[in-house]
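Q: Between the sequences and the hints, there should be enough to build the whole structure, so can you do that?
Count along the sequence shown starting at 1, add 368, and that's the number in my numbering.
Calculated from the structure, these hints are not laboratory results.
It is possible that part of the hints are untrue.
[As the list claims (entries may be wrong)] Pair by pair, the computed Cβ-Cβ distance ranges are: (1) F425 <-> H634: 37 to 43 Å; (2) A703 <-> F425: 36 to 42 Å; (3) F425 <-> H604: 36 to 42 Å; (4) T407 <-> S458: 23 to 29 Å.
Glycine is no exception: its CB is placed at the ideal position from the N, C-alpha and C atoms.
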Amino acid sequence: MPTASHFDVYAIGNALVDVEYRVTDDFLARHGISKGQMTLIDEAAQQRLIAALDSEFGLEKRASGGSAANSIIAVAAFGGRSFYSCKVASDGTGDFYVHDLHAAGVSSNLKPEREDGVSGTCVVMVTPDTERTMHTFLGITSDVSVAELVPEALAASRWLYIEGYLVSSDSARAAVAEARRHARLHGVQIAMTFSDPAMVRFFKPGLAEMLDDGVDLLFCNEEEACLWSGALSADHALESLRGVARQVVITLGSQGALVWDGQAIHRIEPSPVTPVDSNGAGDMFAGAYLFGLTRGWTPPRAGALASRAAAAVVGQFGPRLPLEQHGALLRENNALHAGH
Numbered sequence: 369m370p371t372a373s374h375f376d377v378y379a380i381g382n383a384l385v386d387v388e389y390r391v392t393d394d395f396l397a398r399h400g401i402s403k404g405q406m407t408l409i410d411e412a413a414q415q416r417l418i419a420a421l422d423s424e425f426g427l428e429k430r431a432s433g434g435s436a437a438n439s440i441i442a443v444a445a446f447g448g449r450s451f452y453s454c455k456v457a458s459d460g461t462g463d464f465y466v467h468d469l470h471a472a473g474v475s476s477n478l479k480p481e482r483e484d485g486v487s488g489t490c491v492v493m494v495t496p497d498t499e500r501t502m503h504t505f506l507g508i509t510s511d512v513s514v515a516e517l518v519p520e521a522l523a524a525s526r527w528l529y530i531e532g533y534l535v536s537s538d539s540a541r542a543a544v545a546e547a548r549r550h551a552r553l554h555g556v557q558i559a560m561t562f563s564d565p566a567m568v569r570f571f572k573p574g575l576a577e578m579l580d581d582g583v584d585l586l587f588c589n590e591e592e593a594c595l596w597s598g599a600l601s602a603d604h605a606l607e608s609l610r611g612v613a614r615q616v617v618i619t620l621g622s623q624g625a626l627v628w629d630g631q632a633i634h635r636i637e638p639s640p641v642t643p644v645d646s647n648g649a650g651d652m653f654a655g656a657y658l659f660g661l662t663r664g665w666t667p668p669r670a671g672a673l674a675s676r677a678a679a680a681v682v683g684q685f686g687p688r689l690p691l692e693q694h695g696a697l698l699r700e701n702n703a704l705h706a707g708h
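A: So, in structure tokens, the structure goes:
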């Protein structure tokens with residue numbers, strides 16, 4: 369049984385093996401793919417898409433992924449303790465996911481014996497302008513449910529982190545409700561991310577259900593914030609988001625981020641970078657920011673690390689950084705914020 373605050377962040381989300389490709393805008397147009405969004409598709413369509421991508425471009429990277437998974441892998445890489453509740457099948461893709469997640473230092477509910485089925489995959493297509501477009505086949509992760517929760521691990525965590533992508537599954541929303549209830553019972557703070565503009569555009573009532581009576585911390589980007597609130601800018605959207613979250617982080621891409629800490633607004637400066645691939649930048653920002661909060665840092669200090677780490681992700685291909693780069697970012701941030 370874990371001891372008090374055994375984990376810094378306990379997350380629940382979709383378990384997806386990310387397969388990433390460099391593509392052209394022409395490829396997206398020819399295949400009728402909406403650029404810059406996440407689209408849910410079935411297994412047959414996913415296999416046809418992967419075959420076309422393999423034929424024309426070739427696979428660049430493969431890794432255990434999912435929005436919340438990327439964030440808590442970052443928490444672990446910075447030196448925190450992470451736990452992930454998720455679902456994969458007893459297939460080769462699932463075996464790869466379990467091994468890769470645990471190798472990244474993340475504890476989980478996943479066991480060697482798992483249900484039959486097909487594990488989820490996310491095809492990430494990156495165009496020359498560095499924008500990422502995703503087609504996701506959820507597979508067995510669409511059945512993630514209360515059964516995947518580990519109550520004693522959640523009770524022994526500082527934060528519960530909820531992935532907005534879960535909104536499309538009835539059983540996942542039920543799991544979120546139970547996780548929220550358990551977190552409140554044990555004094556665990558609750559954070560949530562909207563995950564993707566498409567989730568706000570098409571599943572807003574479900575997100576409102578997941579937010580329930582509010583969260584302690586909400587992550588979103590400017591487009592998501594404006595879609596949720598009907599506002600035309602992040603500053604105006606923040607007024608609406610304060611009604612559902614005690615603290616709010618709105619990422620602004622190359623303009624940095626806007627943080628409401630419950631009392632004051634902080635502008636987080638961007639870190640200069642030559643963009644290569646935007647995939648995973650928001651996930652890294654959330655993971656680094658949560659890590660900072662678990663260390664008792666001020667929001668500006670946590671935001672500074674998050675900004676640098678997100679920029680580093682944008683400056684390379686793939687959603688995760690080499691392990692040693694986290695240490696370098698942490699040392700640099702500590703030196704700049706000593707005493708804060």
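Q: Each hint: holds or not?
A: The hints, checked one at a time:
no.	hint	in the structure
1	F425 <-> H634: 37 to 43 Å	holds, 41 Å
2	A703 <-> F425: 36 to 42 Å	holds, 41 Å
3	F425 <-> H604: 36 to 42 Å	holds, 40 Å
4	T407 <-> S458: 23 to 29 Å	holds, 27 Å
Violated hints: none; the structure is consistent with every hint.
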